[in-house]
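The whole structure should be built from the sequences, with the hints applied where relevant.
These protein sequences, in sequence, are chains A and B. No gaps in the numbering here: position 246 of the first sequence is 748 in my numbering, and each next residue is one more. No gaps in the numbering here: position 85 of the second sequence is 86 in my numbering, and each next residue is one more.
Worth flagging that the hints you see were computed from the coordinates, not collected in a lab. A virtual CB, placed ideally from N, CA and C, is assigned to each residue, including glycine. Each hint should be verified, as a subset may be incorrect.
[What the hints assert, rightly or not] For lysine to aspartate or glutamate, the following DMTMM-like pairs were computed, each having C-alpha atoms within a straight-line distance of at most 25 Å:
no.	chain 1	residue 1	chain 2	residue 2
1	A	Lys661	A	Glu552
2	A	Lys646	B	Asp109
3	A	Lys646	B	Asp104
4	B	Lys21	A	Glu552
5	A	Lys561	B	Glu112
6	A	Lys561	B	Glu93
7	A	Lys561	B	Glu133
8	A	Lys561	B	Asp104
[What the hints assert, rightly or not] Derived CB-CB ranges, DEER-like:
no.	chain 1	residue 1	chain 2	residue 2	range
9	A	Pro504	B	Arg139	51 to 61 Å
10	B	His88	A	Leu704	53 to 63 Å
11	B	Gly58	A	Arg675	56 to 66 Å
12	B	His143	A	Asp578	54 to 64 Å
13	A	Val565	B	Gln147	44 to 54 Å
14	B	Arg139	A	Glu639	50 to 60 Å
What follows is the residue order along each chain.
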Amino acid sequence: MPETLAQVTDISARGYARPEVLVSTQWVEEHRNDPKVRLLESNEDVLLYETGHIPGAVKIDWVTDLNDPLVRDYVDRARFERLLRAKGINSDTTIVFYGDKNNWWATYAFWVFRLFGVEKLRILDGGRLRWADEARELVTLVPKYPQGNITVRERDDAKVRAFRGEVEQHVKRSGKLVDVRSPEEYRGERLHMPEYPNEGALRGGHIPGAKSIPWGRAVTPETHTFRPATELRTIYEAENGLGANDDVIAYCRIGERSSHTWFVLTYLLGFTNVRNYDGSWTEWGNLVRSPIEKP
Amino acid sequence: MDRETRIAWLVDHYHHPRHKGALADADARVPGGNPGCGDIVTAYVKAGLGAGDRGTGRIASLTWEGTGCTLSQAAASILAERVNRDHPSFEEILSFVPETMMDLLGRDIAEARPGCALLALGTLKGAVKTVEMNRKLREAGHTDEQIRELRRAIAEQGEAAGVVVGEGAEQAAAAS
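What follows is the structure, encoded as structure tokens:
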């Protein structure tokens, strides 16, 4: 490990509600040949895995693997089960997600896996960046595993996923909303470049009543690891008035960054009722007559 | 080209980008970005095929700067390589449809990230339009300073409508 690298506090000493959902780079190093552990790399960068990945890790792509190819939704149970089995995942496999962008896409995959009730999910604290910063090994060899035997349940969207109608009701009740996009997006200064498809919206701004808490605030920039619980409580509770028993809906553009915040609130701070609105701004900002605040 | 070879080709362009860097005497410098994922590509376009041939509606040279994911940066490098080889007309660039770019990069990969795959092309089209519009404005008697002022005003109007174009593109993408 490079001598100048910022040190990381032990996960167990950071005061998280569910510390077992995080594993350290050293833990992964020690378990990467464990047949009961499967590393899944989930990135925004569609080719990053191919440039090198943690030995033994397999790739999971949010578009090609997790999204339904036709309808804006996630894959169904049968397709999801086939996917997991193809990755060599068994019912007793511990799945460790990691990825680029401070685990933004890793937590997204985690959230989708939870829709199907998959247990034994972990996040590599610090993600791909921390692993690389520690000069740990990255390889291009794609591993092959025997077909797994996991059985997954039907997707349950009720507990951790919010739909448009539910958000509309939530707004009317003055429920707690967290906009995790950048401040520029929150203020409605979105980008538009002509002649290429983006995931934008016709209107800029934010859902009325939403607090602006960019997702990246939950991460310590120097180490890419999650901030300790005391710092997270300052951000989410003291500064923005959220409480562990509040009904909270997080959103961003398509529900990816907000899954990171969902993970932080649910597992690191122990919030009991957090949902991710994956329709997010690409739905809300295109809806006719949807209420918008700006800035 | 099979998938494995195509991936190796894209990764090579990412690691060894062609025509990357600012172009001092560019006729247009246009930034573009994906605010969702933070990719940035800035296109520098010089028009005409040589001295005294400015404004003929053909690209003499294209360079680019950028940061972002493997696909967005590889696509910029591949596009720059093609443009500097073929020196296409502005019309050819503007009629270069996204589907062709997707085919060039490999649909199986590009369709998973269309915004990243098409960022460089969209930015290049924006640069070509800028060169063309500047030429028309000069022909109409506007000075370079007046043109800059017009563009500033357009950008401000865009911001009021919730749209960020030009310079703001970099900040918007970088802030994601």
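Going through the numbered hints above, which ones does this structure break? Give me the numbers in ascending order. Hints 1, 3, 6, 7, 10 contradicted; others consistent.
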